[in-house]
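Q: For reference, the chains in residue letters:
Protein chains: 4
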Amino acid sequence: MVYQRPPGKVGRKYGEVVHWFIAGDVPEYARDITLVSTDPSDHKSADVVLSALPNDIAWSVESKLLDAGLNVVSNASPERMNPRIPLINPEVNWEHLSILREVKGNWVIKNPPNCTAAIISMPVKPLQDLIDSMHIVTLQSVSGAGYLGLSYLAIDGNVIPFIKGEEEKIDAELNKILGKQFPDRFEPWGKPVYVTTTRVPVKYGHMAVIHAVLNKDVDTEYVINRLSRFKSLPQERELPTAPKEPIKVINRVDAPQPARDLDPMSVSVGRISIKNRVLRLIALGDNLVRGAAGITILTVETMKALNIL
Amino acid sequence: MVYQRPPGKVGRKYGEVVHWFIAGDVPEYARDITLVSTDPSDHKSADVVLSALPNDIAWSVESKLLDAGLNVVSNASPERMNPRIPLINPEVNWEHLSILREVKGNWVIKNPPNCTAAIISMPVKPLQDLIDSMHIVTLQSVSGAGYLGLSYLAIDGNVIPFIKGEEEKIDAELNKILGKQFPDRFEPWGKPVYVTTTRVPVKYGHMAVIHAVLNKDVDTEYVINRLSRFKSLPQERELPTAPKEPIKVINRVDAPQPARDLDPMSVSVGRISIKNRVLRLIALGDNLVRGAAGITILTVETMKALNIL
Amino acid sequence: MVYQRPPGKVGRKYGEVVHWFIAGDVPEYARDITLVSTDPSDHKSADVVLSALPNDIAWSVESKLLDAGLNVVSNASPERMNPRIPLINPEVNWEHLSILREVKGNWVIKNPPNCTAAIISMPVKPLQDLIDSMHIVTLQSVSGAGYLGLSYLAIDGNVIPFIKGEEEKIDAELNKILGKQFPDRFEPWGKPVYVTTTRVPVKYGHMAVIHAVLNKDVDTEYVINRLSRFKSLPQERELPTAPKEPIKVINRVDAPQPARDLDPMSVSVGRISIKNRVLRLIALGDNLVRGAAGITILTVETMKALNIL
Amino acid sequence: MVYQRPPGKVGRKYGEVVHWFIAGDVPEYARDITLVSTDPSDHKSADVVLSALPNDIAWSVESKLLDAGLNVVSNASPERMNPRIPLINPEVNWEHLSILREVKGNWVIKNPPNCTAAIISMPVKPLQDLIDSMHIVTLQSVSGAGYLGLSYLAIDGNVIPFIKGEEEKIDAELNKILGKQFPDRFEPWGKPVYVTTTRVPVKYGHMAVIHAVLNKDVDTEYVINRLSRFKSLPQERELPTAPKEPIKVINRVDAPQPARDLDPMSVSVGRISIKNRVLRLIALGDNLVRGAAGITILTVETMKALNIL
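Chains as they are written, first to last, in this note's numbering: chain A, 1 to 309; chain B, 310 to 618; chain C, 619 to 927; chain D, 928 to 1236.
Treat each hint with caution, since some may be false.
With a Cα cut of at most 27 Å, we get these calculated DSSO-like pairs of lysine-lysine [claimed, not checked]:
1) LYS216(A) x LYS584(B)
2) LYS940(D) x LYS782(C)
3) LYS1202(D) x LYS248(A)
4) LYS164(A) x LYS512(B)
5) LYS203(A) x LYS216(A)
6) LYS500(B) x LYS216(A)
Distance ranges between label pairs, derived from CB positions [to be verified]:
7) ASP660(C) x ALA52(A): 22 to 32 Å
8) ARG958(D) x ILE342(B): 25 to 35 Å
9) ASN724(C) x ARG561(B): 36 to 46 Å
10) GLY942(D) x ASP42(A): 52 to 62 Å
11) ASP365(B) x VAL953(D): 26 to 36 Å
12) SER386(B) x ALA950(D): 47 to 57 Å
13) GLU1165(D) x TYR147(A): 32 to 42 Å
14) SER386(B) x GLU168(A): 34 to 44 Å
15) ALA68(A) x ALA950(D): 38 to 48 Å
16) GLN799(C) x ARG561(B): 42 to 52 Å
17) GLN1162(D) x ASP365(B): 51 to 61 Å
18) ARG870(C) x VAL319(B): 21 to 31 Å
One side of the interface only, derived from the structure: several residues of chain B facing chain A at Cβ under 7 Å [what the hints assert, rightly or not]:
19) THR505
20) LEU523
21) ASN524
22) VAL587
23) ILE591
No lab work stands behind these hints: they were computed from the structure. All residues carry an ideal CB built from backbone N, CA and C; glycine is no exception.
Isolated chain A (complex conformation) (with noise of 0.2 Å):
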């Protein structure tokens, strides 16, 4: 059976429905937009209809308008990992996006990817060749749970060293993203990624320490170098979305910190030091823009910057 939206929304305004928590008023440019159903036929006329469904009905709807010939810029996990459907973080690997160009009409990208998967495949994108394997520790804020997602009285003053199915999410989409093209589809990078996962009392933004063992030796000034030069397609063609520095290394003893350091669609790094061949850095990322409609826009961007839109 495919989702309805319960008849009362489809046709009222975005502001009258909306339950609006954050700060300040529904921007106004937003308050009169009328709400279709996930029907196909309420999207005819779109170049691409971007879908943030909840995952148990995502697919089932996504799928009625892939067969009614539309294009499906998706968000929920479901196929994420199919081989034949990019999983696509614009700066790491909008080559994947090639790979429209072989299918005959209309098309599915999954994007973004797990949110932490989205921030930590940029500090790792210019380093992938030196890398074996890698130790994951994330400290997760409280809106990757969404707004309702936890109690007070469950995450305050504490840590909640599990989230359910993330880690092998961070895993597998990492190697997706980071992955080998072939004409018809993708195949993992194949390293050893090893990720623990934990929920911090933090309200915006996800940090990932990182423990990479590399697979030659290199000193903190070269990996620097190639972090804080990195750029790629959304900068050299200055997208509307895209950051200045996809990477941010920040050199203050402390950083980064959610409180401090969080930029909207840039990555910051800080405590970049080697010990034997392992590499420590500390990434973090926000996890609502970056993690999520942020990266929808600067797929889309791309996309069309890449003529497939």
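Keeping the supplied structure of chain A fixed, place chains B, C and D upon it in accordance with the hints.
A: Okay, now just chains B, C and D, sitting in the frame of chain A:
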């Protein structure tokens, strides 16, 4: 120059001079204790002097006490890494105390070690022979920085991924506690330990995510058995401050949590899993008891049981 | 329709079906209690049935128990304001229980009252004859909304100055608890009480700032004496759950604080001062003990002491 | 003795010497400002000197500046209650500035007043003639105590119902700001104000629950109208820092909240109700802008508009 307590405090009652911050009142038994000076003459009849002095003045006072023929158990960090001075976590390396039998006259031992090293060394001990190297990421509570150590505006809703000197101490002290004993000195264990420490907005309890690279194939059941069956001299002699289970393996999927699983003297362990030859476990301990006052009491009890005191 | 527990729970052990959130494990004595249904036939031999049912179904179950000839002590809010049903805070109005002696057959009482009314009524009782009106502003903890009642994102670092229905309840229930007793009914005290309630990011403990307009000139010493000497029947009979001092006057300048001064059954009072004829005091009590389970136990003990049970 | 900045700072760039704690970097325009000393010779050409010195040394520096013929706008608390020195909250009592026209030579004014008085005086002003007395309970944020003013362990999950000197200041300063002007001095409004101040674990924003006893019968609509229509000279002259609506009446049932309704220069008001002749309203303002730097800028703008500067 030897440190002198401000003259105003010597001779007065503890209950009058203490700044009491925690819940409840100063316990009755402590209220009327008369404060003495740090001068050896004030400790002549003591079997042992417990020193919890600030690091910057500890060693000069402790040296004077030693020169005067007194025994000292010190929790200040100077001289902790002196290869001739035992650094004791009773369940883990009570055998190291035997070096004192060789000492003619009086002695000093260091205890507790760094609070995080005290917690981590516990679950590592029964697995030590299996481990080739370790990646450790800590999430440490604010009380580790002292009552006034971190302002609300600095740490609330934030993570500060840096604690001065902490990573070096954890590496070095773990290696010493788990190290080899020679007639007149200790040598480090010698395994690489990669440590990243962070401060999280939690009041009490230090957590460590440990990824241990193993030297052979074992399964999680084997590891759980070793951990949960671990007992040591304090348990065998049923010392008053010894926890029944020094390591509590909790099998709730989201354990251990500071708000739910913190035990004063036991280390709580959860999320045990193995992938390839990498063992993951999470340890949680009470930095103010197992990592501070409690461990000192247990060490003194252990010394009495061994007739060293 | 009478509420029925989902059949799956009846007959099973408490330890198996409870969702246990707080620190530690389910206490051993409670683990093996077998759950029974709400049907009167399951309570035939009970001297009294304690009801802590959700408000929406409480009265229908309780009525059925009453019809079956059982006695009920209920902490659900429906019928609390029924002028023929006692609403009891033992130290404050245990005399109200005497109305039950007139009742032929079985009875129901309501207890605890609203948790904030339970706390505030305590220090008001010994001053009642001095008071003309009261301005009350509460700072209530999150646990008052239930374990899942408020999300972290909603209340952390925030104040929500509204709690649905709370201000009306505090006014009405205070007036009833402090009210006059007639042979067959209670009438309200009748003094104006102006209440504003707020929710603050505190886990446990409700605080109330009370500005009481007095009807004559008294000094703070006089008030402190009345408060700190207050004892009632539960203290005189040394009932097991009765606190020694029902009102603890704390003279630390910054008391009472939830983190330092919360007592399970006593109400902590501080900041007593008088200006013109306005008395200011701040009361703090444990909403989960004095305001919930603890008060019910103490009420049952009081009823036994009075031979009503 | 006049305070001297440590010589090391004078002559250096602001960006080099500042301890920057808040999110982001030091703004570019501020980075290269050269610090000068507090000596009058360093301020000779200034139209006015803005003083934000610590209270303990402020007046000695400010006196020296006055003796040297300079004008001073000071936000330090000494001399705020001097009846000959204006204490200004622009929208509320800009008329008080006219006293300066009588002054021969240079002058000093105090601004902002106590941050909480600055916030509360705003919604009281348009209702002043209706009010006989006020009961005020504040819930003040931690930033009011300074960046390092309160430790995490002291205030997290806690309420501290005492702020040294604050209650007296709010009473006195409200009475002065709302007071009567004579040719050469100010006299207090003269209405009783009963104030209790508390500190809550909120980062920014001070809230005040106000119960105002009225001198005649009005309804809430009348009050809402007076508040929401309130404009003053800064609005009429469209001064750059003036908010369009100095008082924002929010009709969401659970407003105002620090996390959702805080505005830099406006005071947000909610929960307006009247019972008997007691008006209840809750005011929320930004202690760091309306209560500190912002109000000073607006005062200087107001003085320019009035040709006093």
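Q: Indicate, hint by hint, whether the structure satisfies it.
A: Cross-check of the supplied hints:
1. LYS216(A) x LYS584(B): Roughly 24 Å between the alpha carbons, so the hint for LYS216(A) and LYS584(B) holds.
2. LYS940(D) x LYS782(C): 53 Å, violated
3. LYS1202(D) x LYS248(A): 57 Å, violated
4. LYS164(A) x LYS512(B): 25 Å, holds
5. LYS203(A) x LYS216(A): 38 Å, violated
6. LYS500(B) x LYS216(A): Holds - the C-alpha atoms of LYS216(A) and LYS500(B) are around 20 Å apart, at most 27 Å.
7. ASP660(C) x ALA52(A): 22 to 32 Å: 49 Å, violated
8. ARG958(D) x ILE342(B): 25 to 35 Å: 54 Å, violated
9. ASN724(C) x ARG561(B): 36 to 46 Å: At 43 Å between Cβs, range holds.
10. GLY942(D) x ASP42(A): 52 to 62 Å: Between GLY942(D) and ASP42(A), where Cβ atoms are some 54 Å apart, the hint holds.
11. ASP365(B) x VAL953(D): 26 to 36 Å: Holds, at about 32 Å.
12. SER386(B) x ALA950(D): 47 to 57 Å: 34 Å, violated
13. GLU1165(D) x TYR147(A): 32 to 42 Å: Hint holds: Cβ distance 38 Å, inside 32 to 42 Å.
14. SER386(B) x GLU168(A): 34 to 44 Å: 41 Å, holds
15. ALA68(A) x ALA950(D): 38 to 48 Å: For ALA68(A) and ALA950(D) the Cβ distance comes to about 45 Å; the hint holds.
16. GLN799(C) x ARG561(B): 42 to 52 Å: Holds, since GLN799(C) and ARG561(B) (Cβ atoms, about 50 Å apart) stay within the stated range.
17. GLN1162(D) x ASP365(B): 51 to 61 Å: 57 Å, holds
18. ARG870(C) x VAL319(B): 21 to 31 Å: Once the Cβ atoms are compared, 26 Å apart, the range 21 to 31 Å for VAL319(B) and ARG870(C) holds.
19. THR505: 5 Å, holds
20. LEU523: 12 Å, violated
21. ASN524: Violated, about 16 Å.
22. VAL587: 5 Å, holds
23. ILE591: 5 Å, holds
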